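Given the sequences, and given the hints that come with them, work out the whole structure.
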Amino acid sequence: MMRRWVLEMSHRAGTPHLGSSLSCIELLAAVYQAWQVRPEQWTDPNRHRVLMSKGHAGTTLYAALRVFGFLNDADIATYAQPGSLLGEHPSPGLPGIEVASGSLGHGLNLGIGLAMAARLQQRPSRVCVLMSDGECNEGTVWEAALFAPQQRLAQLFAIIDYNKWQATGRSNEVTALAPLAEKWTAFGWAVHEIDGHDLGALHAALTPVEGEHRPTMIVAHTVKGKGVSFMEDDNNWHYRVPNADELSRALQEVDAA
Amino acid sequence: MRNAFADEITALAAADPRIVLLSGDIGNRLFDRFKAQFPDRFYNVGVAEANMIGIAAGLALGGMKPVTYTIASFAVYRCYEQIRVDLCYHNLPVVMVGTGSGLAYAANGPTHHSCEDLAVLRALPNMTVACPGDAWELRGLLRDAFQQSGPVYLRIGKKGEPQVYPSLPEVRLGTASVLRTGRDVALLSTGTLLPEALLAADALREHGIAVEVVSLHTVKPLDEALLMRVFRDFPLVVTLEEHGRAGGLGGAIAEWCSDQNPLRARLLRLGTPDQFLHEAGEQEHAREVCGLTGPQIAASIRTRLTSIE
Numbered sequence: 510m511m512r513r514w515v516l517e518m519s520h521r522a523g524t525p526h527l528g529s530s531l532s533c534i535e536l537l538a539a540v541y542q543a544w545q546v547r548p549e550q551w552t553d554p555n556r557h558r559v560l561m562s563k564g565h566a567g568t569t570l571y572a573a574l575r576v577f578g579f580l581n582d583a584d585i586a587t588y589a590q591p592g593s594l595l596g597e598h599p600s601p602g603l604p605g606i607e608v609a610s611g612s613l614g615h616g617l618n619l620g621i622g623l624a625m626a627a628r629l630q631q632r633p634s635r636v637c638v639l640m641s642d643g644e645c646n647e648g649t650v651w652e653a654a655l656f657a658p659q660q661r662l663a664q665l666f667a668i669i670d671y672n673k674w675q676a677t678g679r680s681n682e683v684t685a686l687a688p689l690a691e692k693w694t695a696f697g698w699a700v701h702e703i704d705g706h707d708l709g710a711l712h713a714a715l716t717p718v719e720g721e722h723r724p725t726m727i728v729a730h731t732v733k734g735k736g737v738s739f740m741e742d743d744n745n746w747h748y749r750v751p752n753a754d755e756l757s758r759a760l761q762e763v764d765a766a
Numbered sequence: 002m003r004n005a006f007a008d009e010i011t012a013l014a015a016a017d018p019r020i021v022l023l024s025g026d027i028g029n030r031l032f033d034r035f036k037a038q039f040p041d042r043f044y045n046v047g048v049a050e051a052n053m054i055g056i057a058a059g060l061a062l063g064g065m066k067p068v069t070y071t072i073a074s075f076a077v078y079r080c081y082e083q084i085r086v087d088l089c090y091h092n093l094p095v096v097m098v099g100t101g102s103g104l105a106y107a108a109n110g111p112t113h114h115s116c117e118d119l120a121v122l123r124a125l126p127n128m129t130v131a132c133p134g135d136a137w138e139l140r141g142l143l144r145d146a147f148q149q150s151g152p153v154y155l156r157i158g159k160k161g162e163p164q165v166y167p168s169l170p171e172v173r174l175g176t177a178s179v180l181r182t183g184r185d186v187a188l189l190s191t192g193t194l195l196p197e198a199l200l201a202a203d204a205l206r207e208h209g210i211a212v213e214v215v216s217l218h219t220v221k222p223l224d225e226a227l228l229m230r231v232f233r234d235f236p237l238v239v240t241l242e243e244h245g246r247a248g249g250l251g252g253a254i255a256e257w258c259s260d261q262n263p264l265r266a267r268l269l270r271l272g273t274p275d276q277f278l279h280e281a282g283e284q285e286h287a288r289e290v291c292g293l294t295g296p297q298i299a300a301s302i303r304t305r306l307t308s309i310e
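Residue numbers (our numbering), protein chains in the order written: chain D, 510 to 766; chain Y, 2 to 310.
Think of the hints as simulated: they come from the structure by calculation, not from any bench.
Among the hints, a few may not be true.
Here chain Y is said to cover these stretches of chain D; the calculated rule only asks that three of the stretch's residues, wherever they fall, bring their Cβ under 8 Å from a Cβ of chain Y [what the hints assert, rightly or not]:
1. 535-542
2. 565-573
3. 678-692
4. 744-750
Some but not every residue of chain D turned toward chain Y, in silico, with C-beta under 8 Å [unchecked claim]:
5. Thr552
6. Pro554
7. Asn555
8. Ala710
Only pairs whose alpha carbons sit at most 20 Å apart, straight line, appear in this in silico SDA-like list of lysine to any residue [said to hold, decoys possible]:
9. Y/Lys36 - D/Gln660
10. Y/Lys66 - D/Arg632
11. Y/Lys36 - D/Leu629
12. Y/Lys66 - D/Gln631
13. Y/Lys66 - D/Leu629
14. Y/Lys66 - D/Gly648
15. Y/Lys66 - D/Asp553
16. Y/Lys66 - D/Pro554
17. Y/Lys36 - D/Gln659
18. Y/Lys66 - D/Ala710
19. Y/Lys66 - D/Asn555
20. Y/Lys36 - D/Gln630
Just so we're clear, the structure is a prediction, and the values are computed from it rather than from any experiment.
From the three backbone atoms N, C-alpha and C, an ideal C-beta is built for every residue, glycine too.
In structure tokens, the structure reads:
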């Protein structure tokens with residue numbers, strides 16, 4: 510259902526980043542499921558926090574918030590319309606949206622601060638930050654990579670949507686990103702390298718391990734445009750918007766899946 | 002001033018368990034007492050200012066009251082986008098302390114000077130920007146900074162600045178402090194040039210010119226009631242800052258003036274020139290180069306008064 514909403518939002522509003530939104534559907538769904546993130550806890554300081562750092566995939570966040578009860582169909586219908594709080598990139602102001610994003614390389618640093626605040630106040634909150642692979646071009650990601658293990662922040666989880674593409678090229682070619690999991694291991698994180706479309710593997714990686722003192726990094730191998738055959742691994746869909754015919758064919762595929 | 006900050010933040014942290022101090026790997030030994038009393042509320046985040054701002058924002062989102070501390074030039078320019086998005090867009094109660102501001106680190110060269118920080122920070126929505134004039138004013142403004150609901154930048158000196166106030170004054174962000182009343186000139190000073198402003202006023206008194214000296218510590222929001230009064234009552238208003246003439250206190254007041262009906266007073270803006278000061282020398286020398294010592298300020302004011310008579 511999330512893929513359907515994401516496709517419809519992009520088509521209706523004429524907004525890009527569809528490939529990036531389709532690659533992280535399972536990643537977000539898994540966090541909300543595994544950690545039981547629900548609107549009833551929205552004002553509870555003990556809640557778990559989901560930070561959407563790859564804000565260009567805002568439609569996936571909105572679709573997840575719709576599935577898990579934070580938003581309704583009427584909210585989704587306002588996406589990117591004048592006056593709506595559901596912009597192309599998420600802004601704070603609606604339940605479920607913890608932080609603004611759209612500029613890359615902010616979420617992991619905010620996540621460290623939130624995890625430290627939880628620890629200082631002895632709260633059970635965990636923090637999960639969803640990042641893109643292109644986002645790892647940003648220096649702040651590596652400042653955070655150095656600091657979080659020093660703080661032994663076991664409350665902090667991060668997922669990299671490793672779809673192997675960024676805006677204008679292969680992410681392993683634009684910078685020397687690979688080997689990505691090994692980099693995080695070398696920085697002192699507890700690393701899980703998994704198939705990012707495998708909900709079972711995601712659930713397992715998101716389960717806190719007793720006695721673990723390191724922050725957790727989930728390097729999730731994904732396919733950009735996942736779920737729509739003619740969008741998969743085709744980076745034109747970073748910016749392209751589906752026309753009516755493409756939308757109809759895409760919806761047939763995701764509904765059949 | 003930095004010692005006063007370390008002392009005051011330790012006292013404030015004792016009263017408020019939400020206060021957390023983040024340092025960008027500076028202040029060696031400065032925070033020993035804070036660290037001893039609150040070992041879990043002091044973090045050296047390393048030479049990583051952008052990370053420090055992001056972490057501070059996360060702490061504030063999580064209910065803490067963080068204060069960040071590093072040299073002003075690094076605190077602002079290195080991580081402007083983090084300040085803009087993480088602090089200002091979310092409108093979070095984080096106090097940023099920029100130490101050694103203006104030309105306090107003159108001898109360290111332009112990498113360590115901050116003569117543009119007021120200009121870039123006051124442009125940000127939700128941001129409060131203030132420059133205490135001495136260690137006592139710093140203590141008072143720091144207390145008030147923790148009462149704010151949004152981000153505050155406190156631009157402070159280094160060490161050994163002359164004291165202007167005899168004890169802790171009643172100061173509030175956004176409300177200027179009148180230190181000396183006058184009749185001929187209103188001298189509005191922000192930051193650590195305040196003692197030079199008083200020296201200039203002394204020198205002008207010798208020439209029969211009565212100067213009203215105001216510590217206009219808060220550059221944003223401006224004390225508009227004060228501005229209305231001085232631009233109505235004086236023939237000349239002078240702004241003084243260890244900051245470029247573009248965009249700082251003088252710039253802010255020039256903008257304010259242009260939005261008003263015709264005002265009585267003329268405006269003279271004193272600040273640093275539009276260039277990098279790359280020659281060696283301590284703050285005293287740099288101020289001299291910029292015409293910002295007490296006698297030079299007095300001379301500039303006399304010249305301007307002559308031209309409008």
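Tested hints:
1. Only when three residues or more bring their CB closer than 8 Å to a CB of chain Y does the claim for the stretch 535-542 of chain D stand; here the count is 0, and the claim is violated.
2. Counting residues of the stretch 565-573 of chain D whose CB lies closer than 8 Å to any CB of chain Y gives 0, so the stated coverage by that chain is violated, three being the minimum.
3. As drawn, the stretch 678-692 of chain D meets chain Y at 0 residues by the rule of a beta-carbon pair under 8 Å; below three, the given contact is violated.
4. For the stretch 744-750 of chain D, the assignment as covered by chain Y is violated, since 0 residues bring a beta-carbon within under 8 Å of that chain's beta-carbons and 3 are needed.
5. For the restraint placing D/Thr552 at the interface with chain Y, the shortest Cβ-Cβ distance is roughly 12 Å, beyond the 8 Å limit, so the hint is violated.
6. At about 6 Å, the closest approach between the beta carbon of D/Pro554 and any beta carbon in chain Y falls short of 8 Å, and the interface hint on this residue holds.
7. Interface hint status for D/Asn555: violated, as the beta-carbon distance to the closest one in chain Y is roughly 11 Å, over 8 Å.
8. Given the 8 Å rule on beta carbons, the hint for D/Ala710 is violated: about 28 Å separates it from the nearest Cβ of chain Y.
9. Between Y/Lys36 and D/Gln660, the direct Cα distance comes to roughly 16 Å. Compliance with the 20 Å bound is thereby established for this hinted pair.
10. Between Y/Lys66 and D/Arg632, the direct Cα distance comes to roughly 16 Å. Compliance with the 20 Å bound is thereby established for this hinted pair.
11. A distance of roughly 15 Å separates the Cα atoms of Y/Lys36 and D/Leu629; the hinted pair therefore holds under the 20 Å criterion.
12. For the suggested pair Y/Lys66 and D/Gln631, the alpha carbons sit about 16 Å apart, so the restraint of at most 20 Å is met.
13. With a C-alpha separation of about 12 Å, the suggested pairing of Y/Lys66 with D/Leu629 holds against the 20 Å cut-off.
14. Our distance criterion of 20 Å between C-alpha atoms is broken by Y/Lys66 and D/Gly648, whose separation comes to about 26 Å.
15. Among the hinted pairs, Y/Lys66 with D/Asp553 is consistent with the structure: their alpha-carbon atoms are about 18 Å apart, no more than 20 Å.
16. Simply put, Y/Lys66 and D/Pro554 have alpha-carbon atoms about 15 Å apart, close enough for the 20 Å limit, and the pair holds.
17. As the CA atoms of Y/Lys36 and D/Gln659 are separated by approximately 18 Å, the hinted pair is consistent with the 20 Å bound.
18. Proximity of Y/Lys66 to D/Ala710 is assessed by CA-CA distance (about 38 Å); at most 20 Å being required, the pair is judged violated.
19. For the hint linking Y/Lys66 to D/Asn555, the alpha-carbon distance of about 18 Å falls within 20 Å, and the restraint holds.
20. Proposed proximity of Y/Lys36 and D/Gln630 is supported: the alpha carbons are some 18 Å apart, at most 20 Å.
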